[in-house]
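**Q** Residues per chain, in single letters:
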Amino acid sequence: MVKFPSQEWIEQFKEKVNQNAAYEDAAKSWEGDFIFLVEPDGALTAPVALYMDLFHGKCRDAKMLATPDEKSAAYTYQGPYSNWKKLINKEIDPIQGMMTGKFKLKGNMMKIMRYTRAAKELINTASTIPTEFP
Amino acid sequence: MWFFTSPKIVFGSGAVEFLASLPTKKAMIVCDRFLAERGTHQVIVEQLAKAGAKVEVFGQVEPEPHIATVEAGVKLARSFEPDMIVGLGGGSAMDMAKAIYALYERPDLTIYDITPIVELNLHQKARLIQVPTTSGTGSETTWATIITEGEGGRKLELAHRDLVADWAVLDPMFPSSMPPKLTADTGADALAHSIESISSEWANPFSDAMGVKAVDTIFRYLPKAVKGDHVPPEVREELHLAAAMAGLSFGNAQVGVGHALGHALGSVFKVPHGRTVGLFLPYHIEYNFSAAREKLGRLAPVLGDSTVRNGRDLAGKVRALWDQIGMAKTIPECAKITEKEFEEKLPLLVERADSSTCVVSNPRIPSSQELERIFRAAWSGAPIDF
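Keeping their order, the protein sequence lines are chains E and V. So that you can map any letter, position 19 of the first sequence is 1 in the numbering used here, and since no number is skipped, the others follow by simple counting. So that you can map any letter, position 212 of the second sequence is 903 in the numbering used here, and since no number is skipped, the others follow by simple counting.
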């Protein structure tokens, strides 16, 4: 089991994304990095930012940032810790999550709306990580 | 957590007279050239005159409307400053009215900002009223608008909950003179909305109620509306309400891969929307049935237990309806293109379907390869067996 959010978790996520042919197909023309911001809620007492550089169906870099403002990215997808737990457990659809205000997305909206299949594949991938939620 | 979003609806014979009761100073009617030349909009003008409203008509909406037309309409709206915008027509005119309305309300935005994941805060300057003259698009009850980027360009699938009209006016006088082919195309569109939304991952009890009722009505009445020499008014009215219900169904649950494929084919080869999504509906069912068996089983009370037991039979039921009303079942029947043209454009078709937001809630997430296989099946008429 890997604790979420953590450096170990984001490394495993990177590895699994790079093994996922369906994601590679869906994101083959995608260029853009992300910050996944986990807002404090419940057991999480301070914000945690996870960074991923996604490029042409692969993840080139992934790490847990020391602080949320250590690095900027083309997109920031953020929500409270309890909603991240539901997202990874596939209890929340990533797009519906944004449409109902459970998550917020900053960045070029029109571009990302063309990659909804890739977004779903990312969440499918995250859900395969044996995750422990403190 | 999810929402069920609907406009207030006034329906039935004489529904258009309701417009006279809405306090309005300035109203802008958005319609297509055909309706403007034919004078159909005068019915609306007369009712608005009773309310004491000054009226401006933007009668330039083309089929599969373009961004340039949106910009022209917004320019007129900004100079006229209406407190009511009325979309009058089929899907193109009503979609155009939504786009003009959004950019009139929010001059700081561009059309690309209209996505369901931002705050728009519309409905500050004007009311949005939708008056459909066809029975199929469902645009009168949805929060989606389809605008084409340019000649042969991509169809932008824009959506936001604030684009739902304040009122949808469903008066059966408007679709009463639809010719058979338009009746068939629009009815097929409504059936595709219903069945795709019932199979959607986002389907919910409210959307299902609307979708199942719409499917029942369309199977009962569409052949009568297409084949009859003199279509009884009650048949037109049933189909008009069914189209709005189908809109409420897919507007709250999304469509699926059938619409993604239909939008791609329509944009690349300029085929009317209803014809393309009707074409792909049986393929949508066959492709998704294994993942949506339980959801599609909800159609058993209206289509029969045996019909919904497997995808081939349910798709067959739709194909039999298409035979009755003269709808295309393959791409060559639908688009009148050569195999060479199809093969040349196949990568573009796949790319456009692949980037469609319509696949977001599809029961199966189709790969690029699967999209290509469905296009090929729709070319030859072969069933989907993967």
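One or more hints might be untrue.
[To be verified] With a straight-line Cα cutoff of 30 angstroms, these simulated DSSO-like cross-link-like pairs (lysine-lysine) come out:
no.	chain 1	residue 1	chain 2	residue 2
1	E	K84	V	K766
2	V	K872	V	K816
3	V	K717	E	K88
4	E	K84	E	K40
5	V	K872	E	K93
6	V	K872	V	K766
[What the hints assert, rightly or not] Covered, in the sense of this in silico footprint (three residues per stretch, anywhere, with C-beta under 8 angstroms from a C-beta of chain E), are these stretches of chain V:
no.	segment
7	779 to 792
8	951 to 964
9	1051 to 1062
Worth flagging that the hints you see were computed from the coordinates, not collected in a lab. This one's a predicted model, so the numbers in the text were calculated from it and none came from an experiment. The beta carbon of each residue, even a glycine, is placed where N, CA and C say it ideally should be.
**Q** For this structure, which hints from the list above don't hold up?
**A** Going through the list in order, the structure violates hints 1, 2, 3, 5, 6, 7 and 8 and respects the others.
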